[in-house]
Amino acid sequence: PSHSWQYAALIAGALSLLVDLEAGLVAAPEVRLLEMAVCRDWYRKREPDIIGPPPWSYVPEALCKGDGIQVELAWVRAWKAVAGAVPGYLHETLPTRLVWASAAFQFLGGGNRVLLSLVNTVIVDVAPKEKRINLLREILMTDRFFTREDRTTTFYLIGAAVFLTDILSSLAGAVLLSRDLWLPYKFATPILLLAFPLTLALPETLPQP
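All the letters of the sequence shown, read from the start, carry residue numbers -23 to -1, 1 to 186 under mature numbering (1 follows the signal peptide of the UniProt record, and there is no 0).
Be careful, since some hints might not be right.
[Unchecked claim] Derived DSSO-like pairs (lysine-lysine); straight-line CA-CA distance at most 30 Å:
id: 1; residue 1: 42; residue 2: 57
id: 2; residue 1: 57; residue 2: 163
id: 3; residue 1: 163; residue 2: 42
id: 4; residue 1: 57; residue 2: 22
id: 5; residue 1: 22; residue 2: 42
To be clear, the hints were calculated from the coordinates, so they are not data collected in a lab.
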């Protein structure tokens, strides 16, 4: 390949980081948006004057903390979780293959799990032979590629990077949410869109003849 393996590994890691960062930014706002929808429905039936003007139709957050609204929010979130587990609860009635429906919106691309697998594959594919890890068993059970100290350090660094991204993105999402309900999405969407040019910048990693 025309690019060094470090370049390909950097692009692959940045791609994974952007997607993880976007997911962390919208985690808390997603719950707040659902609360807003429940709150708006509640006041539309009782005190419609409280609802702000369109198109946002905001309701002050302080007015959304009543017991009735929070109970409804809990019900909505609970039934949302139950709906995803219906095939498991009705395993005697519904066919096992119905679990396929849970991936209906991930047919194209496969979601974060496929992304992480591809990133790891790219890094392994482009790394020099002396730095490759061919099998997880070889990493955990032998010292063929790394010493025990190297493996421990590597796993700690990878885990620390993941946790740090989650912590910072969740904190940033909370700060943005305190300013405006849609502000986290205004930041998260461009971050996710940046992943597209990174995929184009990723060099071919198949061995060249």
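Worksheet item: Under the criterion that the straight-line Cα-Cα distance not exceed 30 Å, is the pair residue 163, residue 42 satisfied?
Response: Status holds; Cα separation ~25 Å.
Worksheet item: Holds or violated: are the alpha carbons of residue 42 and residue 57 at most 30 Å from each other?
Response: Holds - the C-alpha atoms of residue 57 and residue 42 are around 20 Å apart, at most 30 Å.
Worksheet item: residue 57 and residue 163: Cα distance at most 30 Å?
Response: 25 Å, holds
Worksheet item: Taken at face value, is the distance from the CA of residue 42 to the CA of residue 22 at most 30 Å?
Response: Holds, at about 17 Å.
Fill in: Restraint check for residue 57 with residue 22, where alpha carbons must lie at most 30 Å apart
23 Å, holds
Of the numbered hints given earlier, the model fails none.
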